[in-house]
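Here the protein sequences come in this chain order: A and B.
In terms of this note's numbering, the first sequence opens at residue 1 and continues consecutively.
In terms of this note's numbering, the second sequence opens at residue 1 and continues consecutively.
Treat the hints with caution; some may be incorrect.
What the hints assert, rightly or not - Straight-line distance between alpha carbons at most 30 Å, and here's what the computed BS3-like set of lysine-lysine pairs gives:
(1) 790/B - 636/A
(2) 307/B - 340/B
(3) 636/B - 636/A
(4) 225/A - 32/A
Unchecked claim - Stretch by stretch, here's where chain B covers chain A in the computed footprint (C-beta under 8 Å, at least three residues):
(5) 106-117
(6) 156-166
(7) 806-817
Hints were generated in silico from the structure; no laboratory data involved.
All C-beta atoms, glycine included, are put in the ideal place defined by N, C-alpha and C.
Now for the letters of each chain:
2 protein chains.
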Amino acid sequence: MADRNVYFFEEGHLGMRALLGGKGANLAEMTKAGLPVPAGFTITTAACHDYFAENNTLSERLWEEIRQALDGLEARTGQWLGDRTQPLLVSVRSGAVASMPGMMDTILNLGLNDETVEALAAATGDERFAYDCYRRLIAMFGEVVLGLDAWRFERLMDQVKREQTCTEDQELSGAALRELAERFKAAVAEGAGRPFPQDVLEQLRLAVEAVFCSWNNPRAQVYRKVNRISDAQGTAVTIQRMAFGNKGEDCGTGVVFTRNPSTGEPGLYGEFLLNAQGEDVVAGVRTPQPIAGLRHLMPDVYTQLEKWCGQLEMRSGDMQDIEFTVERGELFLLQTRAGKRNAQAALRIAVDLVREGRIDREEAVRRVELPHLEQLLHRGIGDAGGVQALASGLPASPGAAIGMAVFDADTAESWSRDGRPVILIRPETTPDDIHGVLAAEGILTSRGGMTSHAAVVARGMGKPAVCGCEALEVDAAARRMTVRGAEEVVREGDWLTLDGGTGRVIAGQMPLREPAATPELLTMLRWADELRSLAVYANADTPADARKARSLGAQGIGLCRTEHMFFAPERLTVMQRMIAAETDAERESALAELLPMQQADFEGMFEAMDGLPVTIRLLDPPLHEFLPGREELQRKLDAAVPGSTERTQLQRMLRRSDALRETNPMLGQRGCRLGIMHPEIYRMQAEAVCLAARACAVRGIDVHAEIMVPLVGTAAELGLLRGEIEDTARRLLPPELLAARPVRIGTMIEVPRAALTAAQIAEHADFFSFGTNDLTQMTFGCSRDDAEGKFLARYVERKLLRDNPFQVLDADGVGQLIRMAAENGRAARGELKTGICGEHGGDRESIFFCHQIGLDYVSCSPYRIPMARIAAAQAALEHGPLTGSRTAVTV
Amino acid sequence: MADRNVYFFEEGHLGMRALLGGKGANLAEMTKAGLPVPAGFTITTAACHDYFAENNTLSERLWEEIRQALDGLEARTGQWLGDRTQPLLVSVRSGAVASMPGMMDTILNLGLNDETVEALAAATGDERFAYDCYRRLIAMFGEVVLGLDAWRFERLMDQVKREQTCTEDQELSGAALRELAERFKAAVAEGAGRPFPQDVLEQLRLAVEAVFCSWNNPRAQVYRKVNRISDAQGTAVTIQRMAFGNKGEDCGTGVVFTRNPSTGEPGLYGEFLLNAQGEDVVAGVRTPQPIAGLRHLMPDVYTQLEKWCGQLEMRSGDMQDIEFTVERGELFLLQTRAGKRNAQAALRIAVDLVREGRIDREEAVRRVELPHLEQLLHRGIGDAGGVQALASGLPASPGAAIGMAVFDADTAESWSRDGRPVILIRPETTPDDIHGVLAAEGILTSRGGMTSHAAVVARGMGKPAVCGCEALEVDAAARRMTVRGAEEVVREGDWLTLDGGTGRVIAGQMPLREPAATPELLTMLRWADELRSLAVYANADTPADARKARSLGAQGIGLCRTEHMFFAPERLTVMQRMIAAETDAERESALAELLPMQQADFEGMFEAMDGLPVTIRLLDPPLHEFLPGREELQRKLDAAVPGSTERTQLQRMLRRSDALRETNPMLGQRGCRLGIMHPEIYRMQAEAVCLAARACAVRGIDVHAEIMVPLVGTAAELGLLRGEIEDTARRLLPPELLAARPVRIGTMIEVPRAALTAAQIAEHADFFSFGTNDLTQMTFGCSRDDAEGKFLARYVERKLLRDNPFQVLDADGVGQLIRMAAENGRAARGELKTGICGEHGGDRESIFFCHQIGLDYVSCSPYRIPMARIAAAQAALEHGPLTGSRTAVTV
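Same shape as in the complex, but just chain A (with noise of 0.2 Å):
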């Protein structure tokens, strides 16, 4: 146990924080610098802690110094606690070192017992507060130490108006208050058990005890789980004289903002309620007026107001939310902290502060809270408080999306080519019904996780989608889907609403806010990129995804998927040729058309990105991919014509995709093992690259092309590929090009195997890129696939694991292969370029991984890429910036 629990509000400071809450930090902040504070202590978060350790017991030591503490504060007021004459009355607050507005618990009034009531009475001549003060505390106390349900006083509160015949509570006379108060008193014995009690010191060893323990409470510790604050810190508690916002119409009670939370806009923003207690205004018991109302009605306090807030926040560097009373004209101020804000105003605020000279670009960088931009840079359902989904499934590709379903492509392409916005429904997608999804809004699927065709694809357009949605029953054939255990049908043409950031479906249109790049956010981007030593890339599989990332702020492509661009409906039809071939001589026939259409893709690509490196990954998925299901297939096949060529070739696809068909697919024959077993893929693609190249460098582009080997295992896999590209490269190019831009080769590291042989891999390799998302799948050995909708969830809510490794990269154990490869793989080749590409690029706790063991970019998918401009910048803001110093780093 510490020496010391308990300090008075003049002897803290807002340093400790840690030791005192954020409420009881700032409060004697406040009262350092003059602030008209009512007189209190804090008992310490440290206390709290031994509270726990103890099994919920408060020592006879901490109470000793409670109590010692009370006779202090009796002492500056002049009251004492219980006092037939001069009764103190005092606030016990909880007060978290993070803010936790509102979800722990208060006892205000504590010190009331039917003596020092009657004592208030006469001291204030005004029985009517006595006992609108007394009725508080014994509710409040009901509530928060005893546990009974708020309806058994809001029922009586409703039986005296009706007997008074009032409607609001402050028409309530004193008499009758002191009525509520004997009912009030009789609904404790009956709902506790025991009396209200009348001993005030076992009032305030209660009282404290129930604010430790709300610690634990259930929303504060959903809050916690959400907002990624630990369960360990505990809570502070401070003890306040009251002041009395409830004395008469010239008393009232109010929070303002120093700054508009929803706009940013500068200005005191708030509201207030005369003759009232706070919780008046939390609880919504009567409608609070606008802030502005007080410049009217009490102009003094106002400019009061104004002058303190504009000092708090003057002190703390930044927007201020601000409790405060007003007790027969005089103001008090009861508590500040930083106040909540949206995305747009945090922008603004931060961005005004910096020009105001408040704080500094760093400080604003610094400040960005990263899901703020996410709101910012998607389209979200505008308000969706109160709707309920049909179901949930999976977050597969954030944006919210409407239109009326449609059950097949064709139908969503027609539908679409009429003007009508559809919502793709599918069981799964494949190949076959890409476009359908390049015409929908949004896709939705009931089967398939966050890998799945569907999502993937959609995450690379851009395209809001909803994944796994298990509880959905989709009959494609009868054009409609019905939600398991409930009676809703959906049906061709309903409209329906996704919001693919958080896995809802919605029946009907919602109200959608659209994405907002506010010049504040350009300017917060620009002072970002001045602060980070981390490049960020974009993963862009088309130009116009390219363009776009690049208008996002990309420097480079890190992962250009070269399959999805032949899942473009002409190109699947020469891809499956190309499959199906059975002899060299069809398979050469079919890349030879497959060719022109890759340099193409490719020429857009650098054109682009001009004067940037684009990074292309080879062909990676396996072969069985690009082919219908089975099924479908067969269905096909028994449909098609006996003879007709058209048969001929099902029947020869049925054959390959009975023996492309894998047991575990993720682990197949797939990336390299592919290029290795058909060089002649490899060979048309590294081809592709080189005429892009060349064709590109004559009409001034200057191209930075890099060739991604996916999936290698060993040095000699890479080896040997590195090999035959490089022979491409020295037959295509013209020997000045390949010498002043060379076409640079590196792999991807996804497979522990090459993350473990590292040192001998970069022997091959001009560049690493940490492929994030299979990597993880193979170091867990878990199938995201197979795992997210099922144990994975559970597995985070039981705390088995932190987080989802998917979104936040797993430091320890993928995490300690990368580092081992980055720096093995440096040891061995000291200009190797390192980074990461999958979807760990746009999460900000790996960026800062990324950034302590030293790589030099990571890539993300366009829209992410403003958000890891910002974590890049905060990055080095927190570890100090890396460049060029890279080798000198110990992790």
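Given the coordinates of chain A, work out where chain B should sit on it, guided by the hints.
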């Protein structure tokens, strides 16, 4: 280039084997020992290296050295190469470091031309002899140096014999042989486009180059690959004065072994030919006589041979294979080397040599070749030389089996009951086929890999199996199978022979070789046990297997796969009911039925292993493996009576099967993930272990129960499950029993992340068992089922991988993880026991690796235990015993 590249025999010794090759070093040793060896010298392997390094050019410097050595040889013999009165004739022979009998080339009688042949005839007075030598030289030179086909010469020989009306070569007269030499010369000129060289130095130079080049002939390459001999070594070349076995009836040539190479029986064993040169024996032109015949024909020579053979065996300490020539009654030894022998002989010889005091036990154990043990311990096909296999599949479970083809499990069972041996043939097996697998002699499937159901179950039972034999089209309904691209049809009842060791499927009944645990084998194993420090455990799933394992020397059970216990038909039904349960009550009731079955299994295991550890792995495979295939379920459902209970149950199973379907089952919900999501399953298993331990203890059995949690990826998983198992143990076991014989709890390390975080996991583990099968799959990102039949073989062929990593542990990647995990685990918990289970436990190289990194045990299938005992001893001999010094090991 080395200073010296040529050594006379008398200048070398046995220690120069790397430089002189086996033959050269042995000839040097024999010369030193005063044995009758014709004079000669050896060109080193280093010179061969240089020859290849210089693009197959024989340097002038080397040629000069050879010329000088030739001068020396002429001085020693008093004969001169190319001399017209005393011509020197030499043999030019290859000599690799490792014995590669018959793989490379040899030229005899070099030095003859149209003039020296006359001189030889004059000097010996034997025209017949001289021209016999000459025609041999021309043909050999034509074949070896000029690359002509042997048939060119054989045809001419036949022609001349026909003309002379002879049947045997030695009946030909001098004149006939002179004519033959002429025709041979013409054949050379015609076939090679150049005449047979008359310049004897040119003959020599070309012969040396040809012998160098024969290192890379195709059969030598294949031999090296099969015998794991490095391609880099190169061959030495020995040039030696000819001794002539073809000078008449007092001459001859032969080969003897110092012991019988088939049985190991002591005493000369071999054969000889009168009036012949060495190649006649090898080529099979004439049928040689048993060596015993020499005793009567040339008693003195025989006595001498016997003496010298004994001396050679004594010096080398091993059974020798000796070439000799008798020239006019004088015995010459041309070569000695360790003799090839079969499995049984090898053991007998080694044991006899120890008993005779020639070698010590260490040396005897060191010499054991493990493939020999495999031959001894499984039935094999006795002599399949020349037999064409119907098809080849994966060698899924070793041993040979003969039976009649059946195509379903029920028929297999009923025929087997009738005493008819059967081979069960299925496209692939499922748990529903288990009674057929039990009844069959061997299993054959057309689909599925080395880890398919059939393969795993068959290996577990020690039953021969060939899997994934894709050339077969199995039509189970029509009760027949066809071979793709062939006309053969196998119908029910046809005899088949399977070789599970090679994957061959042969029509008809082949003779089988029975396994033989000879007394010599038992002696050798006893010696190995004295030498090794690595313990050998067994993977065994039934009490019968455990007893078998114990009889073969298992010191514990390292892996008991509890799931195999659920595959018996009466249990499978209960298991399926458990899986399809829709309420907790239903599931609990099914589990309550399974509990006594599991308990009985474990009691049997504990009883069989009384006093030794039994490691029980909790349920591992995904639940869908216990359900019939989807199509089968649908078929049964269609056939079920509407409204019947069976139908309801089938519907449930179908629904459950759909819900359990996974994209990558290897990476899905299995292992401890099941145990965490369905705690009742592991609870039942832990209860069964404890109840069995208690029941056994009462019967006086000394139980060492170890519970192994599979597929752990995080310390939290193991921590949670350990707690639950410990609770069960405390609940069910009397405290004094638990104190004396604690249930040890450990985990399989088979997920890369577990290896990476071993220090944390070790906090909850009493032991680590490396599951090298899955660890290899995940570290390589490579599904064995999908890879082994497809790209993996090609990878090994193309040297992208040295070995199939599922057969030989990949030391660089997977091994690195194992080493890290073992080190970090032991650092965190000193008493941590470590070992491997998985099939690498039976592989020599992998066992060496385990010994080197200081693991405590390897666990392998019962039939591989003898091999593992020997390999562990060999590892200790090579790397020193590591007992007790584990922590001092630096690897």
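Hints breached by this structure: 4, 5 and 6
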